[in-house]
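Chemist: These are the residues of each chain, in order.
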Amino acid sequence: MADLAVDIQNLTFSYAEDAGVHFAGLNLQIPKGERFGIFGPNGAGKTTLMSLMTGLISAESGSIKLLGQPIGVKKDKAVNKLFGFVPQDFSFYQELSPAENLEFFGAWAGLTKKQTDQRTTELLEVLGLQDVRNQPVEKFSGGMKRRVNLAIGVIHNPDILILDEPTVGVDVQTRHAIIDYLHKINDAGTTLVYTSHQLSEAEDLCNEVALIDDGQIIAQGGLDSLMEKYNQPTLEGLFLNLTGKQYRD
Amino acid sequence: MYKLKATIIKDIRILLRDKVGIALMFIMPIILVVIVTSIQNSTFQLVNKNRIAMMVCNRDTGKLSTQLIQSIDKIGMFKLVNIPKSESEESIKNRMRGKDALLAIVIPADYTQKITAKAKNVSGKALNSFGLNGDTANKKISVNPLTMYFQPILQQSYRFSINGALRSALQIVESRETLRQLYFAINEKPLPEALEKDLLNNQTNINEVPVSISGGTIMPNASQHNVPAWTIFAMFFIIISLGGSVVREKLSGSFIRLKTLPTDFMVALISKQITYLGVTVLQAVVIFSMGLWLFPLIGLPALNLPSDYLALLVVTLVCGWCAVSYAICMGVYAHTQEQANGFGAVSIVILAAIGGLLVPSFAMPDGFKTVAVFSPLHWSIEAYYSLFLEGGKLKDVIPNLLPLLGITVLIQLAAYIGLKKKNLI
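Chains A and B, in that order, are what the protein sequence lines are. Going by my numbering, the letters in the first sequence line up with residues 1 to 249, in that order. Going by my numbering, the letters in the second sequence line up with residues 1001 to 1425, in that order.
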């Protein structure tokens, strides 16, 4: 079991005000070193699952373990050092510069001043933000903000990186830069858990996917094996075949 | 410690980039304190320098109306402007609508005649009571009233003061005339001028003594009243910056990201409280410094700082902490920045009003006095007044600081519950 990055057992959760999104006995195991994609239509429960995996909300029953350590246990935040989270929204301070944001979030991620400074320089360089390191983020383009969002998520070199639609609204260049960077850190040992609406990204990035709908995993496996199993030539075809064509929002 | 330091630095950076917030936290209260102190100081000096313009239409031709005008002039509250006795009521009103004066009085045509007759009557009554013969004792004399016109902008409190001053002048004229008539009836010669002065002018002076805790006798002035009041107002107005900052962090998802990091969220709350408590102390330093050094330069009375600096610091810190707690609580419950700013600002004005910052608590109706104890601004101003006006020490402000701390703890608790409910901690 120690080889699992994420281990979800019998997860039960529902929103009090919205009976539509819920999990009833969900099980999901993601091995260490995977590039794991979670896909599904709007309202399928992808973001809710991410929130549960990061401890933002608590499950009613069942367990979620990251590298063998339970998440969401009150007061114990040691497990939070193991993962980084890149939310869909720009979750940082737009008034501050990228360097100032990283300085602050580095401290909160448990790094020393020296470690934060070193990681800030590395990340700004590799994500192409060095030239604007001291400019307020509010003046940046959407793509630059996405890269800042990503840099904050990986400031502490986490073992697991959980990304909620990290490329939404960016141009092709930025999307490629982000995907390349994610490959790089995966090669260095970071497990990626990823959601996106861009099914083509699954082919670029993921070596295993789970299709989720109505709070349940309806298919899981390697891309090629899934397409072969359901006799679909593309991931999009597979997606529509399994989730249907009706609107979900 | 590094986490807290980094968080405080982050909060200071965000604060310094919020130009509107800084303007509202520092410039607005500075302007307010200067304007309100100037206006109130002007009101205090009404009897000395800034006399109220009053038109006088004297329809009487006798000597007593002239003496009445002299008596009114002697009060020192009014700048008298004589207008022709033929002026009609409408014409006087037109002059007032044209802002010639805030006030006008019309002395009736038979004023001297009626006052003289009344004086003779009273003197006759007096003679009768002495056992002498007073032949006018049973006549009933009715004196026509003095008419006072006033601009509606003149507040009721001013009108009461003016009414009192005019009554005092009328009383002097009537008393003098009665004395003269009485003296003449007994001695069959006029009252000597020296005796008349002795009888009428030897008034007992009023010695004003401020009852302070310290026993000091420094007279309170507009600065002593206004500087502490508007300092508290400024402190609580940080809600515009801090409340908005909390809402922005909630909406931007920064709080969400912080929750996923291996640091207790309390660090963020402690940082905000330290940073903005520093701002409130700085506000107090700036506004008190203005009272000390700028006010005398612009013709306002200088602020006298309390002798107990430790008590002043403690009161400032407790007031500041309450203001910061209130702003954070508002930010937690507000859904948008507009809500935090709008409701926050209006609620501060209401709390200031019921707390006695705008109208003194002693002048409030009983119901409001009861409600005032729920306003943190009430206990703040009471604590500051105890130091600035009564010369109190630290032990004297503790009865005000304890309820203020109690309210602060309740506000903190409400903020904590709000954060919990919104799943932010």
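Hints should not be assumed to be uniformly reliable.
[Stated by the list, open to error] Label pairs and their computed distance ranges (CB to CB):
#	chain 1	residue 1	chain 2	residue 2	range
1	B	1019	A	25	50 to 60 Å
2	A	141	B	1309	51 to 61 Å
3	B	1251	A	135	57 to 67 Å
4	A	134	B	1366	51 to 61 Å
5	A	118	B	1012	15 to 25 Å
What the hints contain is simulated information worked out from the structure, not anything from laboratory work. Every residue gets a Cβ at the ideal spot worked out from N, C-alpha and C, and that includes glycine.
Chemist: All hints, please: hold or fail.
Modeler: Consistency of the hints with the structure:
Taking 50 to 60 Å as the suggested C-beta distance range, the pair residue 1019 (chain B) and residue 25 (chain A) conforms, at roughly 54 Å. The supplied range of 51 to 61 Å is met by residue 141 (chain A) and residue 1309 (chain B), whose beta-carbon atoms lie about 53 Å from each other. At roughly 22 Å, the beta-carbon separation of residue 1251 (chain B) and residue 135 (chain A) lies outside the given 57 to 67 Å, and the hint is violated. In this structure, residue 134 (chain A) and residue 1366 (chain B) meet the distance hint of 51 to 61 Å, their C-beta atoms being roughly 60 Å apart.
Between residue 118 (chain A) and residue 1012 (chain B) the beta carbon distance is about 24 Å. The supplied range of 15 to 25 Å therefore holds.
Violated hints amount to a single one, hint 3; each of the other numbered hints is respected by the structure.
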